[in-house]
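2 protein chains.
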Amino acid sequence: MRTDDKRMIQALRRQPLDRPPFWYMRQAGRYLPEYREIRKNARNFLDFCYTPDLAVEVTLQPLRRYAMDAAILFSDILVIPDALGQKVEFREGEGPVLEPVRSVEALAGLDRARVLDHLGPVFETLGRLSREIPEETALIGFAGAPWTVAVYMVEGRGGTECGTARTWAYRDAEGFQQLIDLLVDATGDYLCQQVESGAEVIQLFDSWAGVLSESQFRRWVIEPNRRLVEILRARHPDVPVIGFPRNAGALYGEFIEATGVDGVSLDHGVPLDWIRDTVQPRCTPQGNLDNHLLIAGGAELDRAVEESLQTLSGGPSIFNLGHGILPSTPPEHVARVSEIIRGWSHGGT
Amino acid sequence: MRTDDKRMIQALRRQPLDRPPFWYMRQAGRYLPEYREIRKNARNFLDFCYTPDLAVEVTLQPLRRYAMDAAILFSDILVIPDALGQKVEFREGEGPVLEPVRSVEALAGLDRARVLDHLGPVFETLGRLSREIPEETALIGFAGAPWTVAVYMVEGRGGTECGTARTWAYRDAEGFQQLIDLLVDATGDYLCQQVESGAEVIQLFDSWAGVLSESQFRRWVIEPNRRLVEILRARHPDVPVIGFPRNAGALYGEFIEATGVDGVSLDHGVPLDWIRDTVQPRCTPQGNLDNHLLIAGGAELDRAVEESLQTLSGGPSIFNLGHGILPSTPPEHVARVSEIIRGWSHGGT
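Protein chains in written order, with this note's numbering: chain A, 207 to 555; chain B, 207 to 555.
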């Protein structure tokens with residue numbers, strides 16, 4: 207099937223559909239027993255991401271169960287700092303730990319020229335996936351947006367307040383800009399190569415966007431995302447881009463206008479009426495079921511899925527969660543949601 | 207000075223003012239050397255809160271330096287679980303740790319009837335403060351809103367995702383409602399007694415409001431806050447109430463309408479234009495300088511303070527931060543901001 211005919215692409219181009227496409231962030235992951243089984247075959251998490259045999263297999267696993275309309279490359283946003291030469295480790299039960307970069311001087315140790323070579327296995331995974339996924343399934347490539355990757359690089363781990371990065375960015379905006387510029391360039395190279403390897407859609411994850419003030423959000427979230435959209439458009443004008451400035455609140459609207467994304471992924475705190483009235487007229491919303499409701503299941507889960515489908519049925523949308531699937535999620539709840547969506551029809555063309 | 211003539215009260219009643227009142231969340235705290243000095247006199251943090259001599263003194267400390275328009279009772283939102291009979295501990299460098307309450311059965315160990323007696327020292331502190339603060343300064347009492355206190359009670363600590371509480375609330379909404387109801391009742395008793403002891407304004411802190419989905423936000427944030435406003439209004443119709451559903455994003459508007467608060471405290475992610483256009487016509491906004499910019503200081507700090515004053519000058523407002531002052535904040539930055547605000551005049555009456 208041509209890319210143009212896939213449901214996921216049609217939704218991003220605002221074409222009328224009988225039901226929205228669906229996929230789930232972190233649909234390949236620890237909630238699946240077959241994932242936990244194969245995960246044992248790699249010593250550490252980055253090796254796992256860099257082994258195409260394993261990465262292809264775990265990307266395909268959820269598709270076999272639930273036949274989502276999109277597959278997302280199995281990888282991690284921290285492959286960019288790793289490729290640039292920063293020390294990145296994933297510790298069991300603790301998450302990622304990085305040797306922090308906290309000054310302009312420390313940037314000298316990072317090298318954009320290494321990135322494409324270092325990430326060769328990721329491109330191989332994408333190439334194989336583009337041949338192995340079901341023909342109606344769209345293949346999504348992704349990267350972390352610069353602010354979020356910078357948070358990990360500066361804090362040394364994911365931080366709820368991101369205080370060191372935010373304070374650096376206020377105290378020495380010019381210096382911090384150099385880190386962001388490096389990330390825009392390296393991420394631009396990486397994403398273009400992802401498309402050339404088979405990705406048909408790109409998603410930019412800005413998971414820590416919501417901690418910023420208005421002025422910092424404009425400079426460190428909107429502007430770098432806008433530049434990445436521009437870099438992608440220049441080389442691959444037909445590839446849709448989905449932004450995800452998580453927890454942007456009232457700033458989602460400005461993000462959409464200013465970056466020119468085709469789709470925007472929304473966290474579960476965003477009200478459906480607001481999505482319908484504010485987001486849908488401008489770009490394709492993606493989201494935004496609560497991942498904790500997917501754990502809980504039951505009648506409330508059915509109700510929330512149906513309410514989302516109903517409320518957004520007047521325009522384009524992509525069904526997803528507001529954040530990734532959590533490890534304690536019962537796979538049968540994912541099956542149930544997938545079944546409701548596939549059975550849905552609002553009588554479009 | 208009569209309560210009615212205090213700048214803070216006038217702002218909450220939407221009376222025109224030459225400059226907005228200002229105070230800072232956590233204005234009494236570890237960033238002040240005189241606070242760190244007196245803190246040594248109590249064995250643990252709850253004892254500190256329950257010793258009127260110490261609590262009165264630390265409440266007054268920042269007023270001597272910066273002459274804010276309001277003093278806020280020095281206390282903690284976890285005095286309510288402590289008063290109800292839950293085990294609460296503050297561990298050095300780790301924050302609060304509670305023996306978790308995770309079932310309806312566990313609620314049997316909690317007793318609303320103990321609350322007012324147990325919190326006698328807090329009321330004594332308020333009584334003394336109402337006599338000892340400068341006459342133009344308003345005295346703010348406060349409590350945690352039920353959802354946020356419930357998060358601590360269920361998780362056993364502050365949690366960035368609040369997963370256990372959210373999942374309980376989805377799986378067994380009736381059971382979780384019993385916990386919320388208990389908190390509404392106990393907090394209502396507590397706040398009315400605060401007013402009777404001298405508090406002239408009440409602020410409700412719902413720090414974890416932003417993690418909830420739309421439907422959970424309505425049930426666990428809006429409805430309990432609305433009931434508390436109602437309880438306070440019934441006994442003390444003239445005491446203004448400020449809500450603070452932190453990180454509510456696009457849901458701040460609905461919160462204001464549905465709860466009937468007089469003021470709403472806004473996190474630093476809320477855009478100033480949106481505050482002017484959406485909040486100011488309905489209630490008095492309070493906020494929302496980034497507490498990390500207060501650490502960083504410099505020209506950007508001056509600019510942000512002036513932009514806030516300018517943007518909100520057409521209606522009522524209270525200057526504050528988007529969250530509490532952090533321990534690493536230089537006291538001279540707080541002095542600088544206070545000086546800019548006191549020197550501000552937009553030519554109102």
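Simulated from the structure, these hints should not be mistaken for lab results.
There may be inaccurate statements among the hints.
Have a look at the derived ranges for each label pair, beta carbon to beta carbon [to be verified]: (1) B:E463 to A:D317: 30 to 40 Å; (2) B:E463 to A:D444: 24 to 34 Å; (3) A:E243 to B:N250: 45 to 55 Å; (4) A:E243 to B:T366: 43 to 53 Å; (5) A:P487 to B:Q221: 52 to 62 Å; (6) B:N247 to A:D317: 46 to 56 Å; (7) B:R220 to A:G466: 54 to 64 Å; (8) B:E300 to A:P536: 27 to 37 Å; (9) A:R297 to B:G315: 52 to 62 Å; (10) B:N247 to A:A248: 15 to 25 Å.
Stretch by stretch, here's where chain A covers chain B in the computed footprint (C-beta under 8 Å, at least three residues) [claimed, not checked]: (11) 208-219; (12) 236-242; (13) 350-359; (14) 386-393.
What you are looking at is a predicted structure, and each value in this text was computed from that prediction instead of being measured.
The C-beta atom is built at its ideal place from N, Cα and C for all residues, glycine as well.
A quick look at each hint next to the structure:
Range check, E463 of chain B to D317 of chain A: Cβ separation about 54 Å, and the 30 to 40 Å hint is violated. Between E463 of chain B and D444 of chain A, the C-beta spacing of about 44 Å breaks the proposed range 24 to 34 Å. For the pair E243 of chain A and N250 of chain B, the beta carbons lie near 48 Å from each other, so the given range of 45 to 55 Å is met. In this structure the supplied range 43 to 53 Å is violated for E243 of chain A paired with T366 of chain B, their Cβ-Cβ distance being about 30 Å.
The beta-carbon spacing between P487 of chain A and Q221 of chain B, approximately 39 Å, falls outside the hinted interval of 52 to 62 Å. A hinted range of 46 to 56 Å holds for the C-beta pair N247 of chain B and D317 of chain A, which are about 54 Å apart. For R220 of chain B and G466 of chain A, the Cβ-Cβ distance of about 40 Å falls outside the hinted range of 54 to 64 Å, so the restraint is violated. Take E300 of chain B and P536 of chain A: their Cβ atoms lie about 32 Å apart, and the range 27 to 37 Å holds.
About 37 Å separates the C-beta atoms of R297 of chain A and G315 of chain B, a value inconsistent with the hinted range of 52 to 62 Å. Hint check: N247 of chain B to A248 of chain A, Cβ distance near 54 Å, so the stated range 15 to 25 Å is violated. With 0 residues having a beta carbon nearer than 8 Å to a beta carbon of chain A, the region 208-219 of chain B misses the requirement of three or more and the stated coverage is violated. Figure legend: the region 236-242 of chain B, annotated as covered by chain A; annotation inconsistent (0 residues with Cβ-Cβ distances under 8 Å, at least 3 required).
For the region 350-359 of chain B, the proposed coverage by chain A is not satisfied: 0 residues have a C-beta within less than 8 Å of a C-beta in that chain, short of the threshold of three. Beta-carbon proximity to chain A at under 8 Å applies to 0 residues in the region 386-393 of chain B; the threshold of 3 is not reached and the given coverage is violated.
Checked against the numbered hints listed earlier, the structure breaks hints 1, 2, 4, 5, 7, 9, 10, 11, 12, 13 and 14; every other hint is satisfied.
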